[in-house]
Amino acid sequence: MSASLLDHDPVLTPAQVEFRRQVRAFFAEDRVRELAEEIAGYPVGTEAALLPVYRWLGERGWLAPNWPVEYGGAGLGAVEAAIVTEEMTLAGIPDDVHVLSIDIVGLFLLLKGTEQQKRAHLPALAAGERIATVLFTEPEAGSDLAALRTRAVRDGDGWRLSGSKVYNMKSQYGDVALCAARTSDSPVGMHGITLFLLPLRSPGVHVEPVPSYANDRFNLVVIDGVRLTEADVIGRVDDGWALMNEMLQLERTGIDFHAKARRLLDLVLRRAAETGRLADPAYAIPLAELDAKLRAGHALAWQMVRDLGEHNPDPVASAMSKWYVTELFQPILTAAADIDGMDALLTAWDGDAPALGQLEAGYRFGPSHRLASGTSEVMLMLIATNGLGLL
Amino acid sequence: MTAVAELFHPDLNPTLRRLGERPRGAGRAGPSEEDRQVRESVWATLAELDGLRGPGLLDTAELMGPGLYQSPFLDTVFAAELLAADGRFGAELDRIAAGELTLAVAMREHGTDEPDQPAALTVARDRVTGVRRFVAFAAEVDHLLVVGGQEPVLALVPVRQRGVRTRRQDDLGRGDLYEVVLTGARARLLTSGGHYATALANARLRLAAHLAGIARGAVELSAAHLKDRRAFGAPLARQQVLAHRLAALAARTTAVLTFARTAARAAGTGADVRLPAAQALFLAADLAREAAAEAVHLHGARGLTEECDASVFHRRAAVTALTLGTPAGLRRLAATLLANAHTV
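Just so you know, the protein sequences line up as chains A and B, in that order.
Under UniProt numbering, think of the first position of the first sequence as 1, with each following residue one higher.
Under UniProt numbering, think of the first position of the second sequence as 1, with each following residue one higher.
With the rest of the complex left out, here is chain A (with noise of 0.2 Å):
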């Protein structure tokens, strides 16, 4: 990453520096360096599922260092968690699985789950053997979470779930799902939602892909009546919403989007160096200026980490986090096609593509960082509401 200020930023331990620079040695191993290289020149309709490399950050507690040693983490805290999932992404390493599995659905269990379902997943979850993904968006239910339709029932001491699931990733290769559905009727739309740990592997639950233009595919996940026990509630009946809302504030430090949109930053201004438009003002003030508005993410991204390590998360300043760095993406990626013209819309299978074809790549994913983990006009809503007292 171009000289971070992080680097120099007095706020972290000695400890915590010294952690990164290990983390740092990690990523920077042959077997990593061999691997994200091969993950860059995967075919068509292959995507990144259960790596190696999580298996090797799982073996050091890595992959979630934040968590207790007896469930498989290290113990440490949020800034060590950040700092992994920072150096993961600038080495080239795909961490959707390991936001989705660790990030999102370990945290979840960890914050909120029994003793039995920390031990029955959280083990597994840390040493990169097990996938997780998240079931909550619905055909017609995104962003207006309250309107899901999937429905579980009462069926003896248990539950019966059945819907439809869309648009959620890498759950082709999940073991379970954190899956949101309608307990109780209410006029409210946000009454009456449970939680539940979703075997994905059960008789009853059908994935199938759901073509797009990135690289990683979508799913539909049906669900056709599966039998679930009061051991797969996640916290208490009917309260999903305030458990759901409470759980992805802490996911949204903005850290993760950051560093994905650091690495396609820097691999333009690679190319801006190497074509030689890095030395022309014309191309050179517009990168200056993303690279300041980044650096600006960064630092706010790094603070919402500081806030969460201290148990003291700001809502209204996450939703500014994430929303200020994924309005990044898009700028970045034209300004790749100005540095490299029609050569940044080669596909890595032409063989003359720039960068491996990562800037075409990140071009068509591009448009899914506004919308992934509440969209940019959730998070206005969240900051005009909560942080302005407006609307």
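Derived from the structure by calculation, the hints contain no laboratory data.
Because the structure is a prediction, the values reported are computed rather than measured.
Treat the hints with care, as some may be off.
[Said to hold, decoys possible] Covered, in the sense of this in silico footprint (three residues per stretch, anywhere, with C-beta under 8 Å from a C-beta of chain B), are these stretches of chain A:
1. 8 to 21
2. 90 to 98
3. 223 to 231
4. 319 to 326
5. 348 to 355
[What the hints assert, rightly or not] Facing chain B, according to a computed beta carbon distance under 10 Å, are these residues of chain A, among others:
6. 5
7. 35
8. 60
9. 270
10. 283
11. 284
12. 296
13. 297
14. 309
15. 313
16. 316
17. 377
18. 380
19. 382
20. 388
21. 390
[What the hints assert, rightly or not] Residues of chain B placed beyond 12 Å of chain A at every Cβ, according to the derived structure:
22. 24
23. 48
24. 125
25. 140
26. 272
We treat Cβ as the ideally placed atom computed from N, Cα and C, and that holds for glycine.
Could you slot chain B onto chain A? The hints should help.
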């Protein structure tokens, strides 16, 4: 709330915004006697709170933003860093911290001059000759720190002497910018010219924080108005398009301020922050002007009136934004530094 935050309490902002404000076309007129006394009182309190030195300067600069507080603060602490780097000005630094000595930094002859390339200055032994314009509070401060030339000469010039003439410039901000004509003015030359680029970067970070404070003030003023003003049968605050525009400005403000703070912490460890300082400042300059223009717009035609503070934000943000370089010049500087960092 810190003691300095209490001094710049939001309740005082409407008063602070009007301090030293001259009528349009006031020419050489000074501030009213009442305004002068209030300014001195605020300055003395700031000194009592030890607010003129130490690690909190950037946050103090931000706190001054929503009140558009006009003072020699930014220039004085900029000059103090250069005096400290020289090593011979311990007594003056003590007096600055005590609020007894104020300074203005003078580096421009023409409005188009960029602070990275200060205007020429003629130096003959302990006498300096030249013209400096757009010098903040030149008639009120005790000394000018005149910056001249490419490998800059730094000259400490007492204002109250025969070789110094000042003329207030009547500008958009209606505040305290002066032309200064130096004719063989007595000066002490500093040895810290080599520290100028570093001190300028640190000053830019404080100015970026101040501009973020101005943006915050403009957003808060606008949000209050939207909650108060009813149109189309409901408060304007219910209009999503308006709320989202303010939310976006608020997010940019937080990001830029955090960026400036992070870079200032890095500077404290000896890191070279010329690039992030230039970047933070052009982001902040754009933001403050945009937030101020949005404040005028959201107040409707009333935003254009003298009585509405949105108009003060609009005028003052335009002036403050250019104090330590135009955003275009800062972008050019940042592009050069970025290219140097990525040379293959």
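The hints, checked one at a time:
| no. | hint | in the structure |
| --- | --- | --- |
| 1 | 8 to 21 | holds (count 4) |
| 2 | 90 to 98 | violated (count 0) |
| 3 | 223 to 231 | violated (count 0) |
| 4 | 319 to 326 | holds (count 5) |
| 5 | 348 to 355 | violated (count 0) |
| 6 | 5 | 5 Å, holds |
| 7 | 35 | 26 Å, violated |
| 8 | 60 | 29 Å, violated |
| 9 | 270 | 7 Å, holds |
| 10 | 283 | 9 Å, holds |
| 11 | 284 | 4 Å, holds |
| 12 | 296 | 4 Å, holds |
| 13 | 297 | 6 Å, holds |
| 14 | 309 | 16 Å, violated |
| 15 | 313 | 14 Å, violated |
| 16 | 316 | 8 Å, holds |
| 17 | 377 | 7 Å, holds |
| 18 | 380 | 4 Å, holds |
| 19 | 382 | 8 Å, holds |
| 20 | 388 | 4 Å, holds |
| 21 | 390 | 4 Å, holds |
| 22 | 24 | 33 Å, holds |
| 23 | 48 | 28 Å, holds |
| 24 | 125 | 41 Å, holds |
| 25 | 140 | 34 Å, holds |
| 26 | 272 | 9 Å, violated |
Of the numbered hints given earlier, the model fails hints 2, 3, 5, 7, 8, 14, 15 and 26; all others are met.
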